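**Student:** Work out the full structure: start from the sequences and follow the hints.
There are 2 protein chains.
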Amino acid sequence: MNKLYIIKIGGNVLDNETALNSFLKDFASIKEPKILIHGGGKIATKLGNQLDIESNYVNGRRITDAATLDLVTMVYGGLVNKQLVAALQQLHCNAIGLTGADGNMLKAVKRPVKDIDYGFVGDIKPAGVNTVLLYELLKQNTVPVFAPLTYSEGSMLNTNADTIASVLAVAMSKHFNVRLIFCFEKKGVLQNVNDPGSVITHLPKNLYDNYLAQGVFSDGILPKLENAYSAIEAGVKEVLIGDAADLTHNIGRETKGTLITG
Amino acid sequence: MNKLYIIKIGGNVLDNETALNSFLKDFASIKEPKILIHGGGKIATKLGNQLDIESNYVNGRRITDAATLDLVTMVYGGLVNKQLVAALQQLHCNAIGLTGADGNMLKAVKRPVKDIDYGFVGDIKPAGVNTVLLYELLKQNTVPVFAPLTYSEGSMLNTNADTIASVLAVAMSKHFNVRLIFCFEKKGVLQNVNDPGSVITHLPKNLYDNYLAQGVFSDGILPKLENAYSAIEAGVKEVLIGDAADLTHNIGRETKGTLITG
Chain A
156 MNKLYIIKIG
166 GNVLDNETAL
176 NSFLKDFASI
186 KEPKILIHGG
196 GKIATKLGNQ
206 LDIESNYVNG
216 RRITDAATLD
226 LVTMVYGGLV
236 NKQLVAALQQ
246 LHCNAIGLTG
256 ADGNMLKAVK
266 RPVKDIDYGF
276 VGDIKPAGVN
286 TVLLYELLKQ
296 NTVPVFAPLT
306 YSEGSMLNTN
316 ADTIASVLAV
326 AMSKHFNVRL
336 IFCFEKKGVL
346 QNVNDPGSVI
356 THLPKNLYDN
366 YLAQGVFSDG
376 ILPKLENAYS
386 AIEAGVKEVL
396 IGDAADLTHN
406 IGRETKGTLI
416 TG
Chain B
156 MNKLYIIKIG
166 GNVLDNETAL
176 NSFLKDFASI
186 KEPKILIHGG
196 GKIATKLGNQ
206 LDIESNYVNG
216 RRITDAATLD
226 LVTMVYGGLV
236 NKQLVAALQQ
246 LHCNAIGLTG
256 ADGNMLKAVK
266 RPVKDIDYGF
276 VGDIKPAGVN
286 TVLLYELLKQ
296 NTVPVFAPLT
306 YSEGSMLNTN
316 ADTIASVLAV
326 AMSKHFNVRL
336 IFCFEKKGVL
346 QNVNDPGSVI
356 THLPKNLYDN
366 YLAQGVFSDG
376 ILPKLENAYS
386 AIEAGVKEVL
396 IGDAADLTHN
406 IGRETKGTLI
416 TG
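Chains A and B, in that order, give the protein sequences. For the first sequence, the positions run 156 to 417 when this note's numbering is used. For the second sequence, the positions run 156 to 417 when this note's numbering is used.
No wet-lab data here; the hints were simulated from the structure. All of these numbers come straight from a predicted model, not from anything done at the bench. It is possible that part of the hints are untrue.
It does not matter which identical chain is used: a pair holds within one copy or between any two.
Taking lysine-lysine pairs in the PhoX-like style, the calculated list, with each CA pair at most 25 angstroms apart, reads [what the hints assert, rightly or not]:
#1 180 x 265
#2 262 x 294
#3 294 x 329
#4 180 x 262
#5 379 x 197
#6 262 x 186
#7 341 x 379
**Tutor:** So this is what it looks like as structure tokens:
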């Protein structure tokens with residue numbers, strides 16, 4: 156099977172013009188098939204404030220009301236997505252911006268109301284990915300760039316970008332050897348949260364279980380690791396957690412981040 | 156050659172929920188390959204006011220400054236485009252929303268500064284259309300939905316939706332028998348601007364030339380007619396100018412609008 160890189164960048168990269176331009180240059184130069192998933196960044200909060208759209212939280216969880224949905228559809232699906240696509244085109248990378256509604260790419264389920272009504276939030280599973288069209292776009296040498304938006308029943312829905320990246324990786328692992336790369340603000344998963352140099356370079360499942368029992372991982376990294384292992388268990392070959400600035404290393408054999416395998 | 160419908164809707168339809176839903180239902184039910192191009196609508200002006208983005212005019216012509224470009228990228232490329240796509244998906248029409256940057260679909264040239272600097276405005280020619288990818292998307296039974304945005308040199312650009320529709324029609328006429336349909340707020344081109352019933356049902360070039368010499372056409376309709384004939388001269392088989400509410404008629408033989416042929 157051919158290699159496919161599925162790469163997620165978060166708001167911290169999007170908000171730093173120098174870091175973003177450097178990342179996009181590295182991303183564009185990847186020769187293998189690749190997919191980008193981006194998060195939001197501060198611009199949504201800034202515009203939300205200007206438009207008097209309040210951030211609503213219930214029990215500490217953010218709620219997507221109708222006004223917030225319009226805001227993220229504009230900012231993530233419009234401004235951020237198209238600026239990334241235009242920048243990649245300039246780097247001779249034939250990017251095509253997508254939300255989950257485009258081409259029926261990510262058909263979600265609106266999160267059911269139990270204790271909390273999250274509003275317009277979509278839960279997505281690998282079966283909801285239109286792998287046929289996605290495969291075709293890759294075959295045409297285009298590079299899909301996903302905004303963190305899914306859809307259901309005629310409505311756009313807000314969905315976590317990490318989740319979309321994982322779900323895409325699982326769905327595409329039928330066709331490709333997928334390496335799923337989460338770019339964040341650290342060099343990788345740290346053995347000692349206070350020592351930035353203590354990156355765990357390779358974290359196979361048995362080592363993960365050991366470290367987990369020893370309480371090595373901080374609360375901040377645990378959801379990412381759980382996410383990574385559920386992707387691995389569902390057929391993704393490799394997951395890498397690392398710094399956006401290290402992308403060129405992290406697509407190769409000698410990775411600088413934390414490589415997670417089964 | 157197969158038939159291809161290229162259909163443009165303007166702000167007047169987008170701003171009227173009932174008219175829009177009815178139009179989308181009719182559009183989704185077209186069995187042949189089809190492409191939709193949409194304009195803006197009042198939402199961009201409303202949001203622009205909320206965000207204190209002023210509309211700048213020089214000699215009566217609107218200027219797209221950096222803030223306005225961000226606004227139209229968000230609103231046209233994000234909100235309006237994705238709401239249309241999600242609504243079409245709900246009608247079992249596999250819409251895929253696109254700007255000119257996506258898939259290198261509409262590569263424009265930033266309008267050169269002569270007497271007026273129009274700002275971030277793109278001029279587009281048929282050679283700037285990525286017909287290969289567009290053809291492939293149609294082959295995959297997806298329905299491209301274009302926002303009125305092109306791009307050049309890493310930047311999004313604002314481009315008139317009528318122009319994009321014409322340019323797409325000319326570019327695709329190599330592969331298809333194209334009927335280009337402009338939906339607007341009247342039933343068609345009127346012989347008497349004060350009589351809504353005086354629709355000219357068929358306007359071949361010789362009749363157009365006669366009417367033109369007689370001064371039949373109002374200033375409002377002339378640019379649309381010139382646009383239509385330049386499309387016909389460049390290889391588009393038919394252009395129709397009509398009411399969005401008459402779409403089901405206007406895709407058939409017994410059209411209700413004004414059918415323009417060579």
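**Student:** All the hints need checking, so say for each whether the structure fits it.
**Tutor:** Status of the hints after comparison with the structure:
1. With identical chains, the CA atoms of residue 180 and residue 265 are at most 25 angstroms apart between copies only, with a shortest distance of 23 angstroms across copies and 36 angstroms within one.
2. Taking the shortest alpha-carbon separations for residue 262 and residue 294, both the intra-copy value of 22 angstroms and the inter-copy value of 21 angstroms come in at or below 25 angstroms.
3. Proximity of residue 294 to residue 329 under the C-alpha cut-off of 25 angstroms is found in both arrangements, the shortest distances being 15 angstroms within a copy and 23 angstroms between copies.
4. When the C-alpha separation of residue 180 and residue 262 is checked against a cutoff of 25 angstroms, the pair qualifies only between copies, where the shortest distance is 20 angstroms, while the shortest distance within a copy is 31 angstroms.
5. Taking the closest pair of Cα atoms, residue 379 and residue 197 come within 25 angstroms of each other only inside a single copy of the chain (21 angstroms); across copies the shortest separation is 42 angstroms, beyond that limit.
6. Within a single copy, residue 262 and residue 186 get their C-alpha atoms only as close as 29 angstroms, which misses the 25 angstroms cut-off; across copies the closest is 23 angstroms, which meets it.
7. Proximity of residue 341 to residue 379 under the C-alpha cut-off of 25 angstroms is restricted to the intra-copy arrangement: shortest distance 13 angstroms within a copy versus 56 angstroms between copies.
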